[in-house]
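Residue numbers (this note's numbering), protein chains in the order written: chain L, 66 to 347; chain W, 66 to 347; chain Z, 66 to 347; chain X, 66 to 347; chain D, 66 to 347; chain R, 66 to 347.
It is possible that some hints are incorrect.
[To be verified] Okay, derived cross-link-like pairs now, DSS-like style, lysine-lysine, Cα gap no bigger than 27 Å in a straight line: (1) R:K72 x R:K263; (2) W:K113 x W:K292; (3) Z:K113 x Z:K332; (4) W:K150 x X:K342; (5) R:K332 x D:K89; (6) X:K332 x X:K113; (7) R:K113 x Z:K150; (8) D:K342 x L:K148; (9) X:K150 x L:K150; (10) L:K342 x D:K106; (11) Z:K292 x W:K253; (12) W:K89 x Z:K332; (13) W:K148 x X:K292; (14) W:K342 x X:K106; (15) X:K263 x R:K253; (16) R:K342 x R:K99; (17) Z:K292 x Z:K99; (18) Z:K89 x Z:K266; (19) Z:K99 x R:K342; (20) D:K342 x L:K345; (21) L:K106 x D:K150; (22) W:K246 x Z:K263; (23) R:K292 x L:K292; (24) L:K253 x W:K263; (25) D:K263 x X:K246; (26) X:K246 x X:K263; (27) L:K292 x Z:K246; (28) Z:K342 x R:K345.
No lab work stands behind these hints, which were simulated from the structure alone.
There are 6 protein chains.
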Amino acid sequence: MSYECFKVEISDNIAHVVLNRPDKRNNMNPAFWKELPAIIKDIDYGSKARVIVISSTGPHFTAGLDVSSFASVTDPINQADEKTKRLQSGTAFYDNVLEMQGAFNCIDDCRLPVLVAIQGGCIGGGVDLITSCDIRYATEDAFLTIFETNIGMTADVGTFPRLVKLIPEGYVKEMAYTGRKVGAEEAKTMGLINQVYKDQKTMLEAVMVIAADIASKAPLAVYGCKKMINYARDHNTTDSLDYIAIWNATHLKVEEIQEAMVANTEKRPGNFVDLPKSRKQG
Amino acid sequence: MSYECFKVEISDNIAHVVLNRPDKRNNMNPAFWKELPAIIKDIDYGSKARVIVISSTGPHFTAGLDVSSFASVTDPINQADEKTKRLQSGTAFYDNVLEMQGAFNCIDDCRLPVLVAIQGGCIGGGVDLITSCDIRYATEDAFLTIFETNIGMTADVGTFPRLVKLIPEGYVKEMAYTGRKVGAEEAKTMGLINQVYKDQKTMLEAVMVIAADIASKAPLAVYGCKKMINYARDHNTTDSLDYIAIWNATHLKVEEIQEAMVANTEKRPGNFVDLPKSRKQG
Amino acid sequence: MSYECFKVEISDNIAHVVLNRPDKRNNMNPAFWKELPAIIKDIDYGSKARVIVISSTGPHFTAGLDVSSFASVTDPINQADEKTKRLQSGTAFYDNVLEMQGAFNCIDDCRLPVLVAIQGGCIGGGVDLITSCDIRYATEDAFLTIFETNIGMTADVGTFPRLVKLIPEGYVKEMAYTGRKVGAEEAKTMGLINQVYKDQKTMLEAVMVIAADIASKAPLAVYGCKKMINYARDHNTTDSLDYIAIWNATHLKVEEIQEAMVANTEKRPGNFVDLPKSRKQG
Amino acid sequence: MSYECFKVEISDNIAHVVLNRPDKRNNMNPAFWKELPAIIKDIDYGSKARVIVISSTGPHFTAGLDVSSFASVTDPINQADEKTKRLQSGTAFYDNVLEMQGAFNCIDDCRLPVLVAIQGGCIGGGVDLITSCDIRYATEDAFLTIFETNIGMTADVGTFPRLVKLIPEGYVKEMAYTGRKVGAEEAKTMGLINQVYKDQKTMLEAVMVIAADIASKAPLAVYGCKKMINYARDHNTTDSLDYIAIWNATHLKVEEIQEAMVANTEKRPGNFVDLPKSRKQG
Amino acid sequence: MSYECFKVEISDNIAHVVLNRPDKRNNMNPAFWKELPAIIKDIDYGSKARVIVISSTGPHFTAGLDVSSFASVTDPINQADEKTKRLQSGTAFYDNVLEMQGAFNCIDDCRLPVLVAIQGGCIGGGVDLITSCDIRYATEDAFLTIFETNIGMTADVGTFPRLVKLIPEGYVKEMAYTGRKVGAEEAKTMGLINQVYKDQKTMLEAVMVIAADIASKAPLAVYGCKKMINYARDHNTTDSLDYIAIWNATHLKVEEIQEAMVANTEKRPGNFVDLPKSRKQG
Amino acid sequence: MSYECFKVEISDNIAHVVLNRPDKRNNMNPAFWKELPAIIKDIDYGSKARVIVISSTGPHFTAGLDVSSFASVTDPINQADEKTKRLQSGTAFYDNVLEMQGAFNCIDDCRLPVLVAIQGGCIGGGVDLITSCDIRYATEDAFLTIFETNIGMTADVGTFPRLVKLIPEGYVKEMAYTGRKVGAEEAKTMGLINQVYKDQKTMLEAVMVIAADIASKAPLAVYGCKKMINYARDHNTTDSLDYIAIWNATHLKVEEIQEAMVANTEKRPGNFVDLPKSRKQG
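Could you put the whole structure together from the sequences, leaning on the hints where they help?
Quick look at the structure:
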């Protein structure tokens with residue numbers, strides 16, 4: 066398939082999803098919001114890879130929300146008469162934001178780990194995007210900014226619900242209230258970026274090594290890790306302990322363990338079963 | 066208005082609330098517990114500023130709870146006969162702690178960001194205070210201590226409920242069990258302090274720059290940031306996503322966005338609408 | 066009492082629990098899972114110490130789950146016929162994991178602080194163990210690994226439910242998906258290790274000083290700190306504030322405060338009341 | 066004290082709060098929203114009674130929100146210019162509803178049981194009111210209606226948050242969607258009304274007997290019942306069990322138990338300690 | 066559109082969705098699970114009606130899950146080799162149940178009230194279905210049974226998560242453990258059925274009157290009622306109060322209130338604005 | 066085994082646990098609190114039955130807490146000196162109540178349904194007991210009373226945490242505040258009692274028929290029902306839906322379903338697999 070905003074390549078169980086409109090600074094236009102969840106679901110439901118890497122092109126990761134998307138957010142009911150618009154606009158706005166959030170919830174809900182490699186500016190909606198990914202890597206010149214505050218908005222496509230659970234709250238509040246740029250190294254100190262690389266080429270090579278490592282593990286086990294970490298983020302300790310016990314009653318497979326142990330001993334890749342395709346896929 | 070424990074100055078949309086009993090090491094006497102919430106509510110409900118900075122005077126930020134407050138906590142029912150005292154004391158104690166917690170809940174509930182600038186010792190109740198603020202800054206000579214443990218108490222005016230959500234738990238536990246002093250740099254490593262400055266003058270100048278930056282943003286947007294970060298701290302991801310969507314259905318204002326964009330382009334301060342006065346104010 | 070896997074020494078109100086099968090790299094055999102909770106409960110319910118230090122022997126803290134324990138996890142219903150086994154196995158597995166989790170829940174539920182001193186490898190089940198402790202210390206050569214992923218499993222004896230609440234999530238996910246070794250210094254950066262020491266002797270000396278410091282505080286106050294930090298980890302801010310108020314209505318004791326203050330003044334150890342023995346003990 | 070909307074009589078430890086504008090069908094005008102919480106707090110914080118009975122006068126319990134209150138809800142920022150109004154109105158509305166909810170939260174938070182005796186129509190805001198009370202009684206001719214739906218509104222001063230937890234959901238939804246009148250007997254079947262009486266005089270006599278019975282119990286014990294029932298309504302079983310244990314560690318008093326037992330034996334009223342006055346009172 | 070399992074008629078703002086395979090006792094075959102959510106979403110997202118009524122044909126409402134659906138649940142990965150099937154089956158089962166639950170979640174999530182009219186047997190999956198509806202009506206000869214228990218299963222498409230919150234728990238447990246039939250009158254006593262009618266014709270006439278009444282109210286207000294009741298079912302009182310306040314800040318519309326009041330006075334139907342179409346629709 | 070307070074008979078997969086000190090009105094003495102959990106765990110962990118029936122002997126089900134138990138609650142630290150007692154008593158009380166609650170938590174946590182058949186008085190601690198059971202039956206002369214209020218206590222061994230979730234709140238509050246007797250028929254109206262029988266013989270015969278019916282179902286399916294109903298009681302709808310899906314991925318067994326279907330067709334009892342013994346048992 067081909068996309069307006071993305072290039073997608075799958076090989077060696079790694080799906081590489083690349084933001085591919087560098088001349089537009091990879092801003093998030095209406096097509097972006099349709100294509101991203103379609104791509105993630107296609108890979109996930111079709112069990113087409115074992116790990117996803119999101120990266121971008123050009124000097125900046127993304128400039129955030131495009132004005133054309135913005136219009137659709139603030140005025141989703143253009144066809145109606147004035148009174149209808151006035152009475153429906155809040156309700157439509159609410160519906161619309163939930164729909165946009167869904168584009169990033171897909172990443173959170175995806176059974177596969179999603180790594181993101183950030184170069185240059187990661188602005189506004191870009192922060193919503195990367196907080197929904199599992200692990201974040203960046204180049205030295207990368208910077209993040211909750212830019213919405215600078216233009217009179219409160220970020221609402223996922224930044225705050227996730228960022229608060231990712232890093233110490235004092236950092237989140239300073240970033241949010243000031244809208245200032247946070248460089249890669251500072252973000253690493255915050256715990257937001259796992260590793261900083263000197264340039265994008267170096268970063269991508271390194272991230273692909275990490276991705277290949279993850280892709281070499283038993284997919285059922287890796288899926289369980291993601292499920293449990295996200296679950297524990299949102300539930301108390303008692304509930305999380307119970308859930309992992311019942312989860313593993315279904316998912317822990319002696320055959321996979323034996324294969325992993327033998328493969329380790331024989332210093333060869335394990336031959337593991339993929340995740341089943343999801344019925345949602347067809 | 067004038068206060069026994071504080072000096073309050075409001076200018077350029079910044080309210081500067083200064084602990085002002087340096088000779089008493091700014092300890093928290095009975096007046097402190099009445100005045101602090103009165104000041105915060107007055108600024109917040111009256112919409113008298115866009116950001117609050119709390120700082121202190123003298124060598125130490127605060128020595129914590131004053132003995133005279135302490136008496137009122139442990140013996141709130143002095144007038145009664147012995148049997149009544151004995152039977153009522155636990156109930157009265159519970160009521161009293163909730164009331165004292167309210168003095169810091171005001172900061173958490175305040176619609177405006179509250180920055181705190183800490184010099185010297187921040188002891189006991191001082192930690193309860195600063196954890197209820199949004200962002201913490203400190204001088205090199207600043208130190209924090211959960212001193213209550215050293216005097217046979219468990220801190221109860223807000224330290225643990227908030228600190229555990231602010232920084233990694235291992236730090237909280239060491240601070241709590243040992244009651245040891247944690248210096249500014251170490252606290253910065255923990256994520257508890259956002260920035261360390263060489264002395265108080267430098268700190269206050271820098272914090273006022275940050276405060277001015279925050280005051281220059283659209284108040285409705287900044288309010289939304291604080292609301293959502295606090296909400297996400299206490300709710301799961303799904304609920305937080307839903308809440309920001311319905312919040313912004315009310316609070317995102319196209320006119321503010323347009324003003325912000327134009328002001329950015331014209332490199333001038335935006336002309337934004339203040340928060341409405343609260344009906345609670347009168 | 067004597068144990069197969071542990072050596073236990075109690076002096077000066079410090080209980081030192083030592084993993085004591087260095088030739089087996091202190092792996093977690095069936096005896097381990099019985100003895101650890103028995104030891105912790107004996108100390109806690111019997112009020113035999115004021116703080117617990119867990120350390121280990123030999124080059125590695127622990128190699129994690131022993132194969133013999135593993136067999137008991139995956140096949141807990143060996144005596145039954147084939148059909149019964151097949152139908153009961155999931156239910157038995159669930160029951161069994163809950164039981165194993167209980168061995169570490171004991172540490173979390175223990176009224177006393179539990180410090181852990183880690184040397185060399187802390188592998189697989191070792192990470193489940195140390196995340197249930199209150200504070201973690203390590204030698205320079207220590208390393209941690211969520212090894213389960215490498216052998217086709219999802220860790221389920223407590224790692225994820227607790228680790229996600231201890232440190233920034235991006236670190237947890239990288240550790241989980243890759244199963245890679247994380248050295249002591251990197252773990253300190255993550256907030257997982259409080260302090261790194263050059264060797265085990267140095268570490269133990271230092272940790273015993275910290276333990277002695279904790280043991281010198283009023284036990285009722287320290288118990289309250291642990292209770293509240295764990296409570297706040299799993300409850301929202303409002304509930305946590307209310308709980309500490311009612312907790313202290315019972316637990317704050319003027320006599321302990323006075324004794325602490327006088328002892329501080331007289332520069333002598335306070336003479337505090339121990340925790341009461343638990344009725345569970347006998 | 067005297068009030069515009071209420072008559073308050075306290076005798077024999079029973080506070081009788083009577084809606085007293087029958088000619089206005091006891092509608093909820095601006096004074097109502099100020100006076101109700103003032104009255105409840107005065108009785109509660111001042112520990113002036115042991116139980117509260119709310120009743121009304123004339124043919125109808127209450128006609129609900131008065132138009133004059135309504136204006137203040139929908140337009141709380143009348144003094145501002147048009148643009149300010151437009152941008153602030155949602156924020157002010159939110160603040161204002163929270164403030165109005167507070168008038169009924171007072172009843173929920175009140176340490177004393179609050180019984181309500183309903184005659185005739187209990188309309189709109191009346192349902193918000195009675196759901197915040199502890200126990201509801203009604204005359205045969207009483208009826209309830211979530212009238213807001215009939216005038217294009219969604220009830221927001223407390224009806225849904227509380228009613229859903231009081232009675233089976235199917236009843237709530239039918240009442241909400243249709244706005245229809247539900248008679249006293251039907252409401253009793255739903256579990257919303259505890260007892261139906263043939264007329265108001267009979268009802269008040271019977272309710273006063275119940276109130277006197279409650280007032281004869283130890284206030285600390287009754288307070289604990291209300292606290293725990295409300296707590297359990299909003300928390301899971303595990304948390305509720307823990308809370309009642311720590312609550313009673315403070316509140317269970319052997320002296321009160323002994324007095325109750327002796328009084329029962331001697332068939333005389335017990336001589337119990339009142340709740341302590343709240344520090345909030347002054 | 067035409068469907069295999071349903072007949073759908075929309076008139077006067079009422080969508081009537083009829084189970085239409087009486088010869089198969091309206092069992093839930095694979096087409097059922099696809100068509101039901103498609104129909105509900107089409108009506109909801111397209112804002113094609115203001116209320117939905119679900120009814121059925123023939124002597125029984127539904128016989129529950131069809132064997133052909135059942136096969137797809139228990140063996141969703143037929144194409145794979147034996148080992149893959151064995152390892153993937155639990156994961157696929159989990160995915161598949163979530164997908165089936167989605168068919169009824171649609172009803173819960175639908176912005177419109179959904180009434181259900183039950184005749185004859187409502188068996189197994191039928192109980193999952195009706196518990197996801199807002200209000201339940203039944204004929205005298207109707208009966209419900211959690212039939213899954215009788216065939217060695219635990220109901221998992223929604224029955225328990227919802228039924229426990231609908232009616233007193235003792236009823237749920239008896240129905241669940243025994244799998245016995247519960248007649249309409251008994252179900253009404255439980256609070257599960259709102260009204261019982263002597264036959265289906267009478268029931269449908271009466272339910273259509275109720276539906277017409279609901280359809281005559283302002284859709285924004287009715288939507289708010291459903292949203293809030295479902296929200297309060299799953300959140301504590303404090304959170305629910307806050308949510309309704311911010312919800313109404315967006316959704317309460319003075320123009321709708323005025324129209325409703327005038328229409329009431331003039332004894333004519335109000336002329337209200339419909340819900341906006343959802344962006345999800347296209 | 067033989068017990069002081071109970072007689073236990075197991076036959077036809079039904080364990081009948083009988084309170085057997087009618088001359089002491091089956092009050093809850095210290096032995097009671099030890100024996101009840103021991104009995105329940107023995108049956109549950111040993112998988113010795115498929116359903117448990119609790120009944121009693123003599124005119125009254127139970128008179129509640131015995132004075133000798135009471136002493137142990139209020140003074141659990143008799144051996145210590147006065148100061149130690151004074152400082153430890155609250156902490157010991159808290160520990161002790163948690164331990165007593167555990168005796169009834171066993172019933173809630175038991176994998177088997179627990180039915181209770183109540184004759185005569187069910188007083189004080191008796192209400193704590195029966196609310197922890199799954200289904201309640203009673204004779205016409207049975208009555209319940211939250212007697213604690215009458216003797217100056219707030220019930221704390223489980224009544225409020227569970228009762229509030231069992232029946233409409235207005236009933237709970239009246240029972241709690243007044244401590245009055247509620248007869249069997251009234252309790253049936255509340256939803257607290259499932260069925261009322263004319264005398265104990267009739268009741269026991271009928272309850273044994275119900276128990277036999279439950280015992281004839283597949284134990285894995287019935288266990289799932291209890292687990293899910295209790296889970297849904299304490300979790301929101303979304304979490305409960307997810308949990309039942311992952312639960313059944315482990316527990317739904319095609320072989321049991323097939324056996325159930327064939328047995329139904331052949332009108333013979335199914336031949337089902339028992340629950341596995343719990344590892345906790347030995």
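message: With the threshold set at 27 Å, check whether the alpha-carbon distance from K246 (chain X) to K263 (chain X) stays at or below it.
response: Distance ~19 Å between K246 (chain X) and K263 (chain X) Cα, so the pair holds.
- prompt: Going straight from one Cα to the other, do K292 (chain Z) and K253 (chain W) come out at no more than 27 Å?
  reply: Cα-Cα ~26 Å, so holds.
query: Quick one, are K332 (chain R) and K89 (chain D) close enough, alpha carbons at most 27 Å?
result: 24 Å, holds
- request: Take the C-alpha atoms of K342 (chain L) and K106 (chain D), compute the straight-line distance between them, and say whether it is at most 27 Å.
  value: 25 Å, holds
field: Hinted pair K148 (chain W) and K292 (chain X), Cα distance within 27 Å
entry: 24 Å, holds
task: Compare the distance between the alpha carbons of K342 (chain W) and K106 (chain X) with 27 Å, and conclude whether the hinted pair is satisfied.
output: 25 Å, holds
field: Holds or violated: K292 (chain Z) to K99 (chain Z), with C-alpha atoms at most 27 Å apart
entry: Between K292 (chain Z) and K99 (chain Z) the Cα gap is close to 25 Å, so the pair holds against 27 Å.
field: Satisfaction of hint between K345 (chain L) and K342 (chain D), Cα-Cα up to 27 Å
entry: 25 Å, holds
message: Need the status of pair K89 (chain W), K332 (chain Z): alpha-carbon distance at most 27 Å?
response: The given pair, whose Cα atoms are some 24 Å apart, holds under the 27 Å limit.
- prompt: Given the hint that K342 (chain Z) pairs with K345 (chain R), does the C-alpha gap stay at or below 27 Å?
  reply: At roughly 25 Å apart (the allowed maximum being 27 Å), K345 (chain R) and K342 (chain Z) satisfy the hint.
Pair hint outcome, K292 (chain L) versus K246 (chain Z) [Cα-Cα no greater than 27 Å]: 22 Å, holds
- request: Please work out if K113 (chain W) and K292 (chain W) have their alpha carbons no farther apart than 27 Å.
  value: 19 Å, holds
When each numbered hint is compared with the structure, no violation occurs for any of them.
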